[in-house]
Amino acid sequence: MAVRPPEGTLWNAKVLEPLFNPDCDPACQDTPALVYIDADLRPHGVTRREFCEAVVRIAWGLSEDAVRSGGCREDKDPLLIAHPSALSSIFAFWAGIVLNALPSMFPTQTDKIDKAIYQHNMRQLALHSHARGVFTDRAFGEYLGGVMPCPMLDEVDILAHAAGHTFEGLRDGFMGDVQPPAPECYAFLQHSSGTTGLQKGVALSHGSVLNQLSHYADALGLDPSSDVIVSWLPLYHDMGLIAGFMLPLVTGVPLVLMSPFDWVAHPAMLLRAITDYHGTLCWLPNFAYNHMARRVRAPELEGVDLSGVRAFINCSEPVRADSHAAFVRRFEPVGARMDQLAVSYAMAENTFAVAQTPVGEAAHQDMIDRDALQRDGRAIPVDAAHPRGAAQVSCGRPIAGTQVKIVRDDGAQADERQVGEVVVRSDCMLSGYYRRDDLVAFDSEGWYRTGDRGYMAAGEVYIVGRSKDLIITAGKNIFPQDIEDAAYGVEGVHPGRAVAFGVQDQREGTELIALVVEIDPEHDHEAERKRIFGDLKRRIASQTEVTVSYVTLVARGWLIKTTSGKAARGANRDKWLAQQATDGE
Amino acid sequence: MQEAEVRAKLRAFITKELIRNASYPLDDAEGVCSSGLIDSFALAEIGVFAEQEFGVYIPDPDLTVAKMDTLNLMVARILRDNR
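First to last, the sequence lines map onto chains A and B. Residue 1 is where the first sequence starts when you use my numbering, and the numbers rise one by one after that. Residue 1 is where the second sequence starts when you use my numbering, and the numbers rise one by one after that.
Because the hints were derived from the structure by calculation, they are not lab data. Since this is a predicted model, take the numbers as computed values, not measurements. We put the beta carbon where it would ideally sit given N, CA and C, even for glycine. Be aware that one or more of the hints could be misleading.
Stated by the list, open to error - Partial selection, computed: residues in chain B whose CB lies under 7 Å from chain A:
id	residue
1	A22
2	P25
3	F41
4	A44
As the list claims (entries may be wrong) - Computed list of lysine-lysine pairs in DSBU-like fashion (alpha-carbon distance at most 30 Å, straight line):
id	chain 1	residue 1	chain 2	residue 2
5	B	K9	A	K530
6	B	K16	A	K530
7	B	K16	B	K67
Claimed, not checked - Facing chain A, from chain B, some residues (calculated, C-beta under 8 Å):
id	residue
8	E3
9	R20
10	D28
11	L43
12	G47
13	V48
All chains, please: the whole structure from these sequences, using the hints.
As C-alpha cells, this is what we get:
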C-alpha cells in the first residue's frame, strides 16, 4: 500500500506524486520534471516517474548504508551531497527528503580551488554538522575519503542495494518503513560560501519552505500549465536552490537547468534554452545582465526569441538600473522588453524571497538625491535630470506572510524614506542555525536583522547598502577578511599589511574585489613584484574561489591604520579610488 | 594578419583588460585562466575580442580553459581561422 504524504510537508511536492499516488495516471507519470542541458548542449529529460524512481532507489540505498530515517531537528541525520553530476546531486537531495533525513548541497572541487583548502572546508562542514555521510561518486569519494570524519557514500554502492527491486516494490514496501516528516521539523540545510558561511547552516522546516513557495508563487502569479523556469544558478545557493529548483519541482512547473560553469563561459546557452523550451521565468544576479549584454556574440542570437519571457528576476546583489538598460538595448531585437525586468529581495534566512516587484511591469525606479542619502540617510526624491540624482531600483513589496521594518541606529522604527537596517519577520523564516546555539537568529519578537541598509517608500523596499564590510561579487558573498587572510600566506606579505574591499564596476554590473598590499623595500623590484602579484592572484583564487580583479602593491606606510593599529577598509578604499582616478587622468 | 601582431594585440588586451595591470610581464606559456590571474568572465570576453578584433568566431566547444589557457594557445587558435 502506498504511503500518504503528511499535510504541510515536502512529500506533497508535485514531482513526487508518482511515489505517493499509485493511481497517478500516465499523464502525471510522464510529465517532464526537468531537463538538464550539459556542456555539449545535449538535453537530458527526466519525467516525474523517472525522477521518483531515481530518488527512491537512492533513498533505499542510503537507508541500508548509513542514513537513518526520522527525527525532527538536531536528531535528524545530516547528509552532505557533493557529487560531480548535477542530476545525481538532485536525485540525492530529494532522496534525503524522501528518507526524512537532512540533506544539504555542497559544491564539488573545481580547477580553481586548492585541494587542501577544499578538503579542509568539507571536513569542517562535516564536523560542524555531524554529517552521517557524503553522497558522491567513486573518484570523488576516494579524493575526499582520507580526510573526512564520516563515510563516503558512493553512488554505485548505494544504487546496488536497490538493484533487485522494482519501483512499485520500493514505493509500496520500503516507503512504509520510512518515518514520515512533520511540518515543524527541519527539511534541509542551506550553507552560504566562505569560511564564515560554512559554519552557519541555515535550518529550514518543511512548513517554512512550503509557506515561502506558496506566497512566492502567488506573488509571481505562477501557473504550472504555462510557466517554464530556466536556471543556470548553483544549487548550493539560496536563489538556485529555492527559486531555480524547489519552486518548480514542488509546484509542478517544468524546469530547465544547466551548470553555472558552462553558462559563465557560454552565456548564450541560457537564451537558447529559453527559446527552445519556451522559458517564462528566469532568476539572475545583476552581473549576469551585463555579462550577457557584453559577451553574447551576434551569431549566437540567430533564432533566439525572448518575447515569451514573463520575467527575468534580478536578485542576490545590488540591482543597477544601467544593467537593466544595457540588457534591453542588447536583446531588444530578439524580444527583450523593460516590462520583463523584475526584482526580488531575498535571503536564505527567509528561505528565499522577502519582497518581489510585480511580474509584467518594469521595477519602479526612485530618483533620489545622492548627497542627502549619504549625508542625512534620507531618500529625497529629485527630478531625473537632477545633477546629484541617483536611480534606486525598487525590490517591490513584501510578499504575503513576510513583514519588513526599517530600524534606525538608535533602535527606533525609521520614518518613510529614512535609511536604516532592514529587519524581517515571517512565516517562512529559518528555524535556527544548525547546531549553533551561540548564534541567535532573531530577537524576542521574532525579527531577523538582515545587515542590509535600506528604506521604504510607498510600501516598497529599497536597498542602498550593507551594514557590514561584506563584498557581493557576481552574486557571491565574500568577507574581506577571508581575502586578506589568504594574502598573508604569500611570501613577502605580512599580517596586517593587506586590505581588501569591493569596488562598484559599471561595466560588469557588480562589485569587483580590490586588494592593496604593502611590500617591504627588499621585494620592491620587477621580478619580485611579478611574483608577489601572481602569487596573490593564484593563492586567493585557490583559497576562496574568487578572483581579485585589482591587486595593487604599495610601499610600507601607504595603508591608513585606525588608532588600534588595524587597517581601515573604508579610508583605504577612498584613498585607492582617489589614486585610481588620478592615474587615469 | 601576422602572428606577432595577433600576439601583441592579445597580450595588451589580456594584461590591460583582464589582468588589469598593463605592465604585467605575461609569459607566452603562462596559464592565465587556470591560475586565477583572470576571472571567470574572461573566456567569454576573449571570445568577443577575437570576433571583434580579428573577425574570428570561436565556437563554444573551443572556448574552454583547456584550449585557451595560454597566450600561445589563443594565438594558434585565432591564426587557424585568420589566414
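Hints, verified against the model:
Given the 7 Å rule on beta carbons, the hint for A22(B) is violated: about 11 Å separates it from the nearest Cβ of chain A. Checking P25(B) against chain A: minimum C-beta separation of about 6 Å stays under 7 Å; hint holds. A cut of 7 Å between beta carbons decides the hint on F41(B): the least distance to chain A is about 6 Å, and the hint holds. Because the beta carbon of A44(B) sits about 4 Å from the nearest beta carbon in chain A, less than 7 Å, this interface hint is met.
With a C-alpha separation of about 21 Å, the suggested pairing of K9(B) with K530(A) holds against the 30 Å cut-off. Of the supplied pair hints, the one linking K16(B) and K530(A) holds, its CA atoms being roughly 15 Å apart against a limit of 30 Å. For the given pair, K16(B) sits about 22 Å from K67(B) by alpha-carbon distance, which is consistent with the 30 Å threshold. A least Cβ separation of about 24 Å between E3(B) and chain A goes past the 8 Å threshold, and the interface hint is therefore violated.
Taking 8 Å as the C-beta cut-off, the interface hint given for R20(B) holds, the closest approach to chain A being about 6 Å. Of the supplied interface hints, the one on D28(B) is violated, with its beta-carbon coming no nearer than about 15 Å to a beta-carbon of chain A, more than 8 Å. With a cut of 8 Å, the hint placing L43(B) at the interface with chain A holds, because the nearest CB-to-CB distance is about 5 Å. The restraint placing G47(B) at the interface with chain A holds, with a minimum CB-CB distance near 6 Å, inside the 8 Å limit.
For V48(B), the suggested interface contact is upheld, since its CB lies about 5 Å from the closest CB of chain A, less than 8 Å.
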